[in-house]
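Visitor: In case you want the letters, here they are:
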Amino acid sequence: MKVANRAPIATRDGFGQALCEIGATDERIVCVEADISKSTRSCLFAQHFPSRFFNVGVAEQNAIGVAAGIASCGLIPFVSTYAVFASMRACEQVRTTVAYPRANVKICVSHGGLTPGNDGVTHQGTEDMGLMRTIPNMVVIMPCDFTQMRAAVFAAAKYDGPVYIRGTRDAMPHLYDEEITDRYTIGRAIRLKDGGDVAIVAIGDMVSHALRAARELAGSGLEAMVIDMHTLKPLDENIVVQAALQTGAVVTVEDHNILNGLGSAVAEVLAERAPVPMRRIGLRDTFAESGPYPALLAKYGLAVADIVDAARAVVGRKERSK
Amino acid sequence: MTAVDPANVDRLRTIARELRKRVLRMIHAAKSGHPGGSLSAADVVTVLYFSVMRIDPEDPDWAERDRFILSKGHACPALYCALAMRGYFGLEHLKHLREIGGILQGHPDMRKTPGIDYTSGSLGQGLSVGVGMAMAGRLTKREYRVFVLLGDGELDEGQIWEAAMCASKYRLRNLTAIIDYNHLQLDGGTEEIMPLEPLAAKWNAFGWEVIEIDGHEMLQILEALQRETNGPKLIVAQTIKGKGVSYMENVCDWHGRAPNDEELTLALTELGAQV
Amino acid sequence: MEQGIRRTIAYAAQMRYDVVRMIENVKSGHPGGSLSCVDILACLYFDVMRICPDEPDWPGRDRFVLSKGHAAPALYAALARRGYFPATELGKLRQIGGILEGHPDHNHTPGVDATTGCLGEGLSIGIGMALAARLDHADYYVYVVLGDGETNEGQIWEAAQVGAHYGLGHLVVFLDLNNLQFDGTLDEVLRPWDLSAKWKTFGWDVQDIDGHDHRQILRAVSKAKNRKNRPHMVICQTTKGKGAPVMENQCAWHSIVNLQQMNDCLPKLAQEIRRYEDILNAADVW
Amino acid sequence: MKTYSMRRMYGEALVELGASNRRVVILEADLADATKTCFFRKHFPERFFEVGIAEQNMVSMAAGLSLCGKIPFVTGLAVFVSLRVCEQVRTSVALTRANVKIVGAYGGLCTAENGPTHQCIADLGVMRPIPRMTVIAPADAVSCRAMVFAAARYDGPVYMRILRDNEPVLYSTQTASRFEIGKGHRLVEGTDVTLMAHGLMVSTCLDAAELLSEQGISASVVDMYSLKPIDVELILEEARRTGAIVTVEEHNVIGALGSAVAEVLAQEYPTALLCLGLKDEFGVSGSHSDLLEEFCLTSHHIADAAESMLIQVKNERGHTEIA
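Those protein sequence lines, which keep their order, are chains A, B, C and D.
If you read the first sequence in our numbering, its first letter stands for residue 1, the second for the next number, and so on.
If you read the second sequence in our numbering, its first letter stands for residue 1, the second for the next number, and so on.
If you read the third sequence in our numbering, its first letter stands for residue 1, the second for the next number, and so on.
If you read the fourth sequence in our numbering, its first letter stands for residue 1, the second for the next number, and so on.
Extracted from the complex, chain A is given alone in its bound form (with noise of 0.2 Å):
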């Protein structure tokens, strides 16, 4: 495993690169950003290619209204800025300028879920991805590391509509090579290991720790699948219910509220289409606090061992439902 050597690095730093790379090869890139370039990392497009860089100020409302204006005239623009900004503080702008026209804006944001730790509350995004996903024609993706984001940038770019794409503050681990940049499909999720007992269906950050669970689990003779749902939306709805179908119970394991994000979406699927028993891993509807971003998971239920013990859970209701 060459991949897992290489240093962690956060996935913001995949869209900064990313973002160059295609403004380099493609003058319609624009970005639209909000005064948080150096955190975003969108700062290394404004060096490159200044002309196509527009800091509209701490105004997050009117970046997606002026990009929505940039998409109109054929150019694509990213707007850049933090999870809880883009969703919320802009989230009718989203529904009306971008999401109901169907404008060709790509929103791509750091510090998603819990990884700004110890900014606060205020700066976890940890709502947006099942607001985004609540509005009809917005695709949402979440990649769980630094090529994968490269991969996603890339093909929200060839992509024509509206796309939510979701980062990290904080360093994750390499799960994929270059390769993948490639093969990536938006709304296609990856199979990254199979297993009969149980199905772990995780997204962005938690992919690492579903990984590190299913490893867990096998030491204890629990086969677990895990499947990497980098797209919230539209979700890969034939994988779930073959997992399930497959392995009769389900955890989902996502660093966002359980309400309306992955869990939800899984939970939809299977209540209509194959119900088996599941868990929902994420923060319990509840808000977190300040602290580092490992303790933070351990504190509110997103460690490696609370996906364990929910797997182990619902693999016994299994057992006894049978």
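Incorrect hints may appear among the rest.
Dumping the calculated BS3-like pairs for lysine-lysine here, alpha-carbon to alpha-carbon at most 27 Å [stated by the list, open to error]:
| id | chain 1 | residue 1 | chain 2 | residue 2 |
| --- | --- | --- | --- | --- |
| 1 | C | 228 | A | 299 |
| 2 | C | 200 | A | 38 |
| 3 | B | 112 | B | 95 |
| 4 | A | 158 | D | 314 |
| 5 | D | 279 | B | 112 |
| 6 | B | 21 | B | 31 |
| 7 | B | 21 | A | 158 |
| 8 | A | 158 | B | 31 |
| 9 | C | 27 | A | 299 |
| 10 | B | 21 | B | 141 |
| 11 | C | 268 | C | 92 |
| 12 | C | 200 | C | 223 |
| 13 | D | 314 | B | 31 |
| 14 | C | 200 | C | 225 |
| 15 | A | 318 | D | 2 |
Note that these hints are calculated values from the structure, not bench results.
Please arrange chains B, C and D on chain A, whose structure you already have, making use of the hints.
Guide: Chains B, C and D alone, transformed into the frame defined by chain A:
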């Protein structure tokens, strides 16, 4: 014929009168809609579509065209009539405002109606979109201009001021905002709901060049729209809500109510009788 | 007034030390913008405001809203030194189990009147508080500190309209104009033009002062209190990173640039504290 | 059937509430005559704040008022007091645990002809994932009144969706007075399938249940007016009894009742479920009744959908038994 030619002014007056009649018939047929704000904007919309804007109804998506955003989307009947009269689509569509399966939504929808440059209806967002279009124009080295028609009530929205700051930062001289200043919003007068004055001074302080005009005087509208500026331009158009129909003028109740048969006849007679 | 000023200056020195120390200690936070508003907060908490640290929720108290919530360390230092909680809590900034969140949280910290951290909301909250005071015929004042960058937010201008519309004379707002936001100077990010003219056209009573001069800060407050029926905007020219020379006017020091350099600032800041031993307890250098 | 406009009742209830509780204040964004807070303005002008079309400021202001002991009711079009102010609700209100009541008028498709910019099919889904929010959507004017009082009694943030037109009256004052936040109300008890709904769809489901009974299918009808917290016990009770649940709502199928019930069933008691609503699409302009027809939210559509679902469930059960 130059734009400010008296003949042109007369022509525009005639068109505006025709447009007002169509607006009323349209809202009457739909049994819902917003006549007050449509009528106050009618003259500005007429001048834009019949004299100022460089557009091609045969090619609504022409990349070089001037853009228009009706930020006060509820006034769309005026815009729909202008588009139909300019030939973007058949006049028969005007009978089907707000109908299921029709092309004329309750608020402007760029994906359903030829000639609509941007979807609007939720107040406060149109100026930002206009800023984006003006930036894109500069970036792609296209000469087009962008016009945004704002309602006075929507100036309460903070997003307007975000966009105002942004336009002045980038000195967008290809951007013109026009305020349809009819002094009435849904709950009452603008000064009573949320005072806007000193409006021109505010926009000046935000870095805009401001021109104040009578929004029903064709000549003034023409001259203001054509004046060159060094940065973004704001035209404060003093207007009358319900302009042209005596019983609607300055009556808040006509913000969002359709005329019945009798009221329509009365209104059409008034407009017909006007010289 | 002179003795009062010596007191507020002394506490400002203490707060500067605390701010740098606590951010250096937890290795995260926003030193530049915290230091630029220290003098304003010192004047408010150690002279101006009518408050009761033993009873943080006393209904008759003056309210304070730190709209630029990322300057929380400055607020925490003021609250600790004013006796709302022990100074030892400052060492647990941004930690699980501590009471000091990364951004001010009304539910976590005694003395924090409003939860902030997302820019642009604090002024509206302050307006709500001032309206409540009027309804209750209470005479308390509401003080708000705004960042300059956050005047980019439209919500600020929504609030500006309402504050003037209701003629909220008991609302005193300080704009911490350190002229640097996250991505650069105000002009680079979103040219604000003439801020003073903007607020005047929005119907506010505007004063322009040096935001590090305690005499001017205190005088601005008394002037504001004498002028009724209009909300007050005190535009304070400040220096980002004030008091820590390595950070002064350095945009990058919005966040931490170099821990060692922060650490190096501490002896000099501690020395400042010792100049006011009659007021401060030198043992509070932690 | 007797009808009464929910927004009118809302306006009247506020006056009643305001008379008995001086802490109640109203904030309005230029729609007082539409949302009927104008009644309150008339009676208690000093406790009525007109803030103009500036919803974000309105919500944070309300937080400030509540932090000083007031009980602010913030009213506006559903789309603007949920989506436009989403982050203010999160930070100024929910995170602060401010005692603010937000009332979204004209939820669902009832702003019909005004088109999708004014229709609101995402408000409940946007409010539900915000921690500490209570989300309710009453079915008729009488229960709306009861909910106004329940919201005022409850100490914490509430989002309530109300409707515009004359909706059928389903409850007596006495029945509605027993409604609690966090509970649902079963109107009809059936054995074959459960129809769960909120808002206008509750009365539509009652009609659907009658159509189903003509086909010999016995349907439960549940008014799930409290979307969050949701009545888990009632959902499980229905799941166990009928084994088939249909959720019906004037909302995107994603994010609101359908998702909430799916979460409960998937986690607690896997049961056949069918979610009806807008299928992740925007509406169009048209009359309200045409729109309900267009998006398959009439009693006939619901009854048909429930019937085909039951056939499918029966087939699958048959397969399982054979297997």
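Visitor: Take the C-alpha atoms of residue 158/A and residue 31/B, compute the straight-line distance between them, and say whether it is at most 27 Å.
Guide: 44 Å, violated
Visitor: Taking 27 Å as the top limit, are the C-alpha atoms of residue 200/C and residue 38/A close enough?
Guide: 33 Å, violated
Visitor: Given the hinted pair residue 200/C and residue 225/C, is their Cα-Cα distance within 27 Å?
Guide: Between residue 200/C and residue 225/C the Cα gap is close to 18 Å, so the pair holds against 27 Å.
Visitor: For the pair supplied as a hint, residue 21/B and residue 31/B, confirm whether the alpha-carbon distance does not exceed 27 Å.
Guide: Within the cut-off at roughly 15 Å; holds.
Visitor: Within a Cα-Cα threshold of 27 Å, do residue 314/D and residue 31/B meet the stated pairing?
Guide: Violated. Residue 314/D to residue 31/B sits at ~47 Å, over the 27 Å cutoff.
Visitor: Within a Cα-Cα threshold of 27 Å, do residue 112/B and residue 95/B meet the stated pairing?
Guide: Judged against 27 Å, a Cα distance of about 16 Å means the pair holds.
Visitor: Going straight from one Cα to the other, do residue 158/A and residue 314/D come out at no more than 27 Å?
Guide: With a Cα-Cα distance of about 45 Å, the restraint between residue 158/A and residue 314/D is violated, given a limit of 27 Å.
Visitor: Run the distance test for residue 318/A versus residue 2/D: straight-line Cα separation, threshold 27 Å.
Guide: 49 Å, violated
Visitor: What's the verdict on residue 200/C and residue 223/C, does the C-alpha distance respect the 27 Å limit or exceed it?
Guide: 16 Å, holds
Visitor: Check the hint pairing residue 21/B with residue 141/B against an upper bound of 27 Å on the C-alpha distance.
Guide: Violated, because 40 Å separates the two Cα atoms, which is more than 27 Å.
Visitor: Take a quick look at whether residue 228/C and residue 299/A sit within 27 Å of each other, Cα to Cα.
Guide: Given that 27 Å is the threshold and the Cα spacing comes to 50 Å, the pair is violated.
Visitor: Decide if the proposed pair is consistent with the structure: residue 279/D and residue 112/B, CA atoms, cutoff 27 Å inclusive.
Guide: 20 Å, holds
Consistency note: the structure conflicts with the earlier hints numbered 1, 2, 4, 7, 8, 10, 13 and 15.
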